[in-house]
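Please model the complete structure; the sequences and the hints are all you need to start from.
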Amino acid sequence: MISASAFFFYLFSAILLASAAAVVTSRNPVHAVLFLILAFFNAAGLFLLAGAEFLAMILLIVYVGAVAVLFLFVVMMLDVDFVQLREGVQKYAPVGAAVGAVLFGELWAVVLGWQVSPGADSLQGSPTPANMDNTHALGQVLYTDYVYLFQVSSLILLVAMIGAIVLTHRRREGTRRQNITMQQTRSVRDTLETLQVRMGAGVQELGILRPRPRAEPAEEEPRHEHAAGDH
Amino acid sequence: MHLVLANYFPVLVFLAIALGIGGAMVGGSMLVARQMPYAEKVSAYECGFEAFGDARRRFDVRFYLVAILFIIFDLEVAFLFPWAISLGRIGLFGFFSMLAFLGVLTVGFIYEWCKGALEWE
Chain L
-12 MISASAFFFY LFSAILLASA AAVVTSRNPV HAVLFLILAF FNAAGLFLLA GAEFLAMILL
48 IVYVGAVAVL FLFVVMMLDV DFVQLREGVQ KYAPVGAAVG AVLFGELWAV VLGWQVSPGA
108 DSLQGSPTPA NMDNTHALGQ VLYTDYVYLF QVSSLILLVA MIGAIVLTHR RREGTRRQNI
168 TMQQTRSVRD TLETLQVRMG AGVQELGILR PRPRAEPAEE EPRHEHAAGD H
Chain G
1287 MHLVLANYFP VLVFLAIALG IGGAMVGGSM LVARQMPYAE KVSAYECGFE AFGDARRRFD
1347 VRFYLVAILF IIFDLEVAFL FPWAISLGRI GLFGFFSMLA FLGVLTVGFI YEWCKGALEW
1407 E
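Quick note, the sequences are listed as chains L and G, same order.
Everything in the first sequence is counted per my numbering, starting at -12 for the first residue and increasing by one.
Everything in the second sequence is counted per my numbering, starting at 1287 for the first residue and increasing by one.
Worth double-checking, as some hints may not be accurate.
As the list claims (entries may be wrong) - Computed, partial: chain L to chain G, Cβ under 10 Å: (1) Leu94; (2) Gln127; (3) Val134; (4) Gln138; (5) Gly150; (6) Ile152; (7) Val153.
Unchecked claim - Which bits of chain L does chain G cover? Going by a derived footprint, with three or more residues having C-beta under 8 Å, they are: (8) 18 to 25; (9) 48 to 58; (10) 114 to 123; (11) 168 to 177.
As the list claims (entries may be wrong) - Over 12 Å on every C-beta distance to chain L, these chain G residues come out as not near it, computed from the model: (12) Gly1313; (13) Leu1317; (14) Val1318; (15) Ala1319; (16) Ala1325; (17) Ser1372.
Since the hints were made in silico from the structure, they are not lab data.
Even glycine gets a Cβ: it sits at the ideal position worked out from N, Cα and C.
Here you go:
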């Protein structure tokens, strides 16, 4: 009889490996992203079993909540055409296989030569304190002992923010933007007019047919009408 | 460690219930309902007319910008959680180190506000 945590370790690992294989092999890239989300969930479960509670929750918040959505957007943006992709397979297969073989050899060498240094435990900068949960332990060292790394991470986030805006943001010509100042400063007199209308009189007779000529330049017109819809 | 894991028992119960209900719905309709598919029945339905094209069409890059800005502030919030629960022990230094962190990201926020990256046109 295996213990419950061992059972869940094997369960999560099995689903993780199966969905990771499905990410690589599935033909539809959207299905691949969905399998990736399943893999993230199971990895969070494994972190939880290992006692890394905070990492598990961050994995769910950041990876499942945000990065997976970003991957979906990228997949949608790439416009993957399978017919076009298949054309190059014959031509590039030898080169790809050679690069893959070199990488596999390197990884194999790393795995074979792996050994844990005997003094590794004593070299830890901040060993895990006993009787304290993960998030508390992290919070006690991250903002004081590792303050430089913490501030550098804020700079990295700033660079990512600026980079994303510089790369993807541009002003588009011919689109209408909301001008809040203009929307707020116009008065009722600009939009509404109260008329005394006789019973049975037509619009032609009274001369209130719209649109009436305006004094303002023509390009201002759509913005005004848009704002009128808001009121 | 087992004490922590015991707190997640309700999550496990929820997972089991969700799997049970989902499996029962899909499996039940597969077992009980009559399945007589043919080409017209299983084709994509688009309000009566033939589908114009593939559903997998290109997205505007602006969605990507919104998503990446969301991720950055998501990470910022992730840094706030351990800070908030250990604020009592890390003192004023920890408090102001987080304020500096937030200040740097506020600079980025003002930048994106002024560039109009948050507006949808």
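Results for each hint:
1. Nearest Cβ of chain G to the Cβ of leucine 94(L): about 29 Å, over the 10 Å cut. The hint is violated.
2. Using the Cβ-Cβ criterion of 10 Å, the hint placing glutamine 127(L) at the interface with chain G is satisfied: the shortest such distance is roughly 5 Å.
3. Proximity of valine 134(L) to chain G holds as hinted, the smallest CB-CB distance being about 5 Å (cut-off 10 Å).
4. A distance limit of 10 Å between C-beta atoms decides the matter here; for glutamine 138(L) the minimum to chain G is near 6 Å, and the interface restraint holds.
5. Satisfaction of the interface hint for glycine 150(L) is found here, the shortest Cβ-Cβ separation to chain G being roughly 9 Å, below the 10 Å cut-off.
6. Nearest Cβ of chain G to the Cβ of isoleucine 152(L): about 5 Å, under the 10 Å cut. The hint holds.
7. Among the interface hints, the one on valine 153(L) holds; its C-beta lies about 9 Å from the nearest C-beta in chain G, closer than the 10 Å criterion.
8. Proximity of the stretch 18 to 25 of chain L to chain G, defined as three or more residues with a beta carbon under 8 Å from a beta carbon of that chain, is not established by the 0 residues found.
9. A count of 7 residues in the stretch 48 to 58 of chain L with a Cβ less than 8 Å from any Cβ of chain G is obtained; the coverage claim is therefore met, three being the minimum.
10. Counting residues of the stretch 114 to 123 of chain L whose CB lies closer than 8 Å to any CB of chain G gives 3, which reaches the minimum of 3, so the coverage claim holds.
11. Here the stretch 168 to 177 of chain L counts 0 residues with a CB under 8 Å from a CB of chain G, which misses the bar of 3, and the coverage is violated.
12. With a least CB separation of 19 Å from chain L, glycine 1313(G) remains clear of the 12 Å interface cut-off, as annotated.
13. No beta-carbon of chain L comes within 12 Å of the beta-carbon of leucine 1317(G); the shortest separation is about 25 Å.
14. Every CB of chain L is more than 12 Å from the CB of valine 1318(G) (nearest about 27 Å), matching its label as outside the interface.
15. Residue-level check passed: alanine 1319(G) sits 25 Å from the nearest beta carbon of chain L, beyond 12 Å.
16. The beta carbon of alanine 1325(G) sits about 21 Å from the closest Cβ of chain L, which is more than 12 Å, so the claim that it is off the interface holds.
17. Under the 12 Å C-beta cut-off, the non-interface status given to serine 1372(G) relative to chain L is violated; the minimum distance is some 3 Å.
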